[in-house]
Amino acid sequence: MTGGNSEQHIVGYGKLTTVWLGLLALTALTVWVARHNVGISHVWGSLAIAVTKGGLVIAFFMHMKYEGRLLRWLLFFALAVLAIFIGLTFFDVLYR
Amino acid sequence: MSGPLHKDYVGAKLGMWLFLFTELLLFGGLFLLYGAYLARYPQEFGAGGKEMHLGFGTLNTVILITSSLLAAMAVTAIQRDERHRVIGLLGGTVLCAAVFLFNKYLEWSAEIGSGIYPGSPRVVTGPPGESVFYSLYYLTVGLHGLHVLIGGAFLTLVAVRVQRRTIHAGNYVLLENCALYWHLVDLIWIFIFPLYYLIL
Amino acid sequence: MTSLYQATKDTISFWNDTGKTGITSWIFSTDHKRIGLLYFYSVFFFFLIAVLLGVLLRIELMAPGRTIMGPQTYNGIFTVHGVLMIFLFIIPGFPGAFGNLIMPLQIGARDVSFPRLNLFSWWLFIFGAGIIITSLFTGGGPPDTGWTFYVPFSERTGTNVSLAVFGVFAVGFSSILTGLNFVTTIHRLRAEGMTWGRLPLFVWSIYATAWVQILATPILGITLVLIIAERFLGTGLFDPARGGDPIMYQHLFWIYSHPAVYIMILPGMGIISEIIPVFARKPIFGYKMIAFSSLAIAGAGSLVWGHHMFTSGMSDMAILVFSFLTFVVAIPSAIKVFNWVSTLYRGSISLEAPMLFSLSFIFLFSIGGLTGLILGAAATDIHVHDTHFVVGHFHYVIFGGAVFAFLGAMHYWLPKFYGRRYAEKPAIVAWALMFVGFNITYFTMMVLGMEGMPRRYYDYLPEFAPLNMVSTIGSWILVSGLALLLVNLFRGLFKGEPIGRNPWEAATLEWTVQTPPRTENFEEEPVVTHGPYDFKGAGIP
Numbered sequence: 366m367t368g369g370n371s372e373q374h375i376v377g378y379g380k381l382t383t384v385w386l387g388l389l390a391l392t393a394l395t396v397w398v399a400r401h402n403v404g405i406s407h408v409w410g411s412l413a414i415a416v417t418k419g420g421l422v423i424a425f426f427m428h429m430k431y432e433g434r435l436l437r438w439l440l441f442f443a444l445a446v447l448a449i450f451i452g453l454t455f456f457d458v459l460y461r
Numbered sequence: 003m004s005g006p007l008h009k010d011y012v013g014a015k016l017g018m019w020l021f022l023f024t025e026l027l028l029f030g031g032l033f034l035l036y037g038a039y040l041a042r043y044p045q046e047f048g049a050g051g052k053e054m055h056l057g058f059g060t061l062n063t064v065i066l067i068t069s070s071l072l073a074a075m076a077v078t079a080i081q082r083d084e085r086h087r088v089i090g091l092l093g094g095t096v097l098c099a100a101v102f103l104f105n106k107y108l109e110w111s112a113e114i115g116s117g118i119y120p121g122s123p124r125v126v127t128g129p130p131g132e133s134v135f136y137s138l139y140y141l142t143v144g145l146h147g148l149h150v151l152i153g154g155a156f157l158t159l160v161a162v163r164v165q166r167r168t169i170h171a172g173n174y175v176l177l178e179n180c181a182l183y184w185h186l187v188d189l190i191w192i193f194i195f196p197l198y199y200l201i202l
Numbered sequence: 030m031t032s033l034y035q036a037t038k039d040t041i042s043f044w045n046d047t048g049k050t051g052i053t054s055w056i057f058s059t060d061h062k063r064i065g066l067l068y069f070y071s072v073f074f075f076f077l078i079a080v081l082l083g084v085l086l087r088i089e090l091m092a093p094g095r096t097i098m099g100p101q102t103y104n105g106i107f108t109v110h111g112v113l114m115i116f117l118f119i120i121p122g123f124p125g126a127f128g129n130l131i132m133p134l135q136i137g138a139r140d141v142s143f144p145r146l147n148l149f150s151w152w153l154f155i156f157g158a159g160i161i162i163t164s165l166f167t168g169g170g171p172p173d174t175g176w177t178f179y180v181p182f183s184e185r186t187g188t189n190v191s192l193a194v195f196g197v198f199a200v201g202f203s204s205i206l207t208g209l210n211f212v213t214t215i216h217r218l219r220a221e222g223m224t225w226g227r228l229p230l231f232v233w234s235i236y237a238t239a240w241v242q243i244l245a246t247p248i249l250g251i252t253l254v255l256i257i258a259e260r261f262l263g264t265g266l267f268d269p270a271r272g273g274d275p276i277m278y279q280h281l282f283w284i285y286s287h288p289a290v291y292i293m294i295l296p297g298m299g300i301i302s303e304i305i306p307v308f309a310r311k312p313i314f315g316y317k318m319i320a321f322s323s324l325a326i327a328g329a330g331s332l333v334w335g336h337h338m339f340t341s342g343m344s345d346m347a348i349l350v351f352s353f354l355t356f357v358v359a360i361p362s363a364i365k366v367f368n369w370v371s372t373l374y375r376g377s378i379s380l381e382a383p384m385l386f387s388l389s390f391i392f393l394f395s396i397g398g399l400t401g402l403i404l405g406a407a408a409t410d411i412h413v414h415d416t417h418f419v420v421g422h423f424h425y426v427i428f429g430g431a432v433f434a435f436l437g438a439m440h441y442w443l444p445k446f447y448g449r450r451y452a453e454k455p456a457i458v459a460w461a462l463m464f465v466g467f468n469i470t471y472f473t474m475m476v477l478g479m480e481g482m483p484r485r486y487y488d489y490l491p492e493f494a495p496l497n498m499v500s501t502i503g504s505w506i507l508v509s510g511l512a513l514l515l516v517n518l519f520r521g522l523f524k525g526e527p528i529g530r531n532p533w534e535a536a537t538l539e540w541t542v543q544t545p546p547r548t549e550n551f552e553e554e555p556v557v558t559h560g561p562y563d564f565k566g567a568g569i570p
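Protein chains in written order, with this note's numbering: chain R, 366 to 461; chain H, 3 to 202; chain G, 30 to 570.
These are computed hints drawn from the structure, not numbers from a lab.
The beta carbon of each residue, even a glycine, is placed where N, CA and C say it ideally should be.
Within a straight-line C-alpha distance of at most 25 Å, the following computed BS3-like cross-link-like pairs (lysine-lysine) qualify:
{"hint": "1", "chain 1": "H", "residue 1": "K15", "chain 2": "R", "residue 2": "K430"}
{"hint": "2", "chain 1": "H", "residue 1": "K15", "chain 2": "R", "residue 2": "K380"}
{"hint": "3", "chain 1": "G", "residue 1": "K49", "chain 2": "H", "residue 2": "K9"}
{"hint": "4", "chain 1": "G", "residue 1": "K454", "chain 2": "G", "residue 2": "K524"}
Distance ranges between label pairs, derived from CB positions:
{"hint": "5", "chain 1": "H", "residue 1": "A41", "chain 2": "G", "residue 2": "D415", "range": "25 to 31 Å"}
{"hint": "6", "chain 1": "G", "residue 1": "M346", "chain 2": "H", "residue 2": "P123", "range": "34 to 40 Å"}
{"hint": "7", "chain 1": "G", "residue 1": "I52", "chain 2": "H", "residue 2": "A41", "range": "51 to 57 Å"}
{"hint": "8", "chain 1": "H", "residue 1": "R124", "chain 2": "G", "residue 2": "M479", "range": "47 to 53 Å"}
{"hint": "9", "chain 1": "G", "residue 1": "F367", "chain 2": "R", "residue 2": "A390", "range": "55 to 61 Å"}
{"hint": "10", "chain 1": "R", "residue 1": "L444", "chain 2": "G", "residue 2": "T50", "range": "44 to 50 Å"}
{"hint": "11", "chain 1": "G", "residue 1": "I569", "chain 2": "R", "residue 2": "L444", "range": "42 to 48 Å"}
{"hint": "12", "chain 1": "H", "residue 1": "A41", "chain 2": "G", "residue 2": "F57", "range": "49 to 55 Å"}
{"hint": "13", "chain 1": "R", "residue 1": "W438", "chain 2": "G", "residue 2": "A406", "range": "32 to 38 Å"}
{"hint": "14", "chain 1": "G", "residue 1": "A406", "chain 2": "R", "residue 2": "A390", "range": "50 to 56 Å"}
{"hint": "15", "chain 1": "H", "residue 1": "R166", "chain 2": "G", "residue 2": "M346", "range": "55 to 61 Å"}
{"hint": "16", "chain 1": "H", "residue 1": "V101", "chain 2": "R", "residue 2": "G377", "range": "24 to 30 Å"}
{"hint": "17", "chain 1": "G", "residue 1": "T167", "chain 2": "R", "residue 2": "G433", "range": "46 to 52 Å"}
{"hint": "18", "chain 1": "G", "residue 1": "A512", "chain 2": "H", "residue 2": "I114", "range": "56 to 62 Å"}
Examples of chain H residues toward chain G, derived with CB under 7 Å:
{"hint": "19", "residue": "G31"}
{"hint": "20", "residue": "P120"}
{"hint": "21", "residue": "G121"}
{"hint": "22", "residue": "G131"}
{"hint": "23", "residue": "V134"}
{"hint": "24", "residue": "L141"}
Throw the hints in and build the complete structure from the sequences for me.
Put into structure tokens, the structure is as follows:
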């Protein structure tokens, strides 16, 4: 529990670069989708791509893939709370 | 208390993640407002989105993603005790941050120049939904830019400590935590980009 | 100050074992006990100022028309009373004072996970408090918006809203840092054998509270930033003429401020769960359910904020959903009350001050909770929203609940840190005066509210005058009880009878260390072999 060595998970440069390339590709994709789909129906598509990009950043750049269950569940919990805040507000916004 | 502070690597990381949750919720409030107003003003948000500079936005997205790569590599480098590489990578990250902020400055200068800023005559007399879009844009991107500045400052501090060897392969949680903070800055932009630049 | 060290003169303890002396040894200390006392005295200072403001408000309301102040002053005073009580007393005070003093000891730790961050939290609190106090005396004067800072008035009023709100932001940030410090501490620094199932219920309550501090406070943060942006940048996000919606402000504000009331009450409930078993000489009934209910209250309580907005213009669907969820959150609170009462049943009850405060907590909180149901049911809320019924309700839960628990904790735990105790008989008299005075003051408010007297109004119709007079007289009885309590308690702490290691014969870990504790708490890390209310297991008859 002291120092960093016992808990180390080293993500190699190669893997990080591959993730980076993936992120760039998804960025290109999301720009392409936006330019070819007018109207806000593609908001969900853009968000889905953003969530995927975010997932890659969290999993590999932030090492979440290699962390313990506790941290993963806590992140899920925090995001769920934000989603609930937004969701319950929409009971007002959508039904006026 | 005698002796050095007791070290708890796992605890330090847990604490940092908890802090990141608070940042997610902080920006979450602005995203909540965005969602609510988007539902009310879909057309006007699209019109506002068209006024955004897609080139700048895309370039800044690429810059931040790259900076995140460099920060992640810096963590790998310190774990492998590659001290010089760490400093180089952190330097690269901070450089990306500086370029990002410079781009922002150019972008905002152009937008303010064309009369788009909170409370400007053009915005106040224009469609109300567009006013909301622009206000949210400036607030969200402004708050994000502040975090870029803070993150860049912290990474610089960390680089200095690596140089002085107070951060090293046996004790690098401060670098890891600052890198986590930096990734969060990238993460938030990953959501800002489609919501403000791709809402066409 | 020499009498401060009387009890500790012959004892080496955290008061004198660091080798450092003077004020800097306190305000730069990273010892959770010293920081806890720093918080305690700071928040209590603001509490007393806010009590004085409350007394002044009640004097003004004693009779119709002007009594001692004009309408602008009145608006400023009820705003500042609320801001001080909520942001500078109860929200920072419970976790900051008692969380800091007690939680690390109760889990068998030397200190919290991030002691320097802990000190920084207190400094940030002091900084924010300083900003808020400055805002009262500069610029356009103290804010007159109510502690809720509703738009559009908070955007337009010439009073010092921006500065006050910035101070609240700093205090909120302090709260966030304390929350994350405590969650990390409870996860990482429990002593060997201190499983989650053996944690004292006060620790469970601090844990649940800390999560609310972490996840809800940032929303307050962004809301306060938005007020400043609206005032300075003209962003127009809540201005209908600019496409904004004032109800969105209320959503953002209450998404924090409703869970905030659980920051206020959960530690109090934790304290009750500590005191009742000890003074009934019985293990707590339903430990698991009480622990679970703390988490459930924090969780469910984060889903109900719209019940502050039934009359705002929100959609009927939202009214339905929030009203239903509000009834759900009453359930875990009721579970606690049932379990406390079950603990008392066939217990060997001794009615000393901590127990009296705890028992009256149950009574007063229950009244507050039941009146909360009237407010939570949308149909009845329409009638009593923004009346004195609401004022009565929340004073029952916050004052009769949280603050009575706070006062009980002061009598229960402060002697451990000072090595001396208060005198019991004056404490009981003080409690009785407070209990009687409290009910007279606030029950009448609920009647007035039902009869139609609005809240936050400077004046009222003549028919409300008699009960207002009664309420004000009640406030004088209440405050005289509080004064007696404080004189008795603090005289006792500094000059009273010395106490031993475990005067209440409790089974939690803070009573196993010397009185007062050493800086690092335990000589060796304790190994826990029994539950927190297992008196036999702790070797206590």
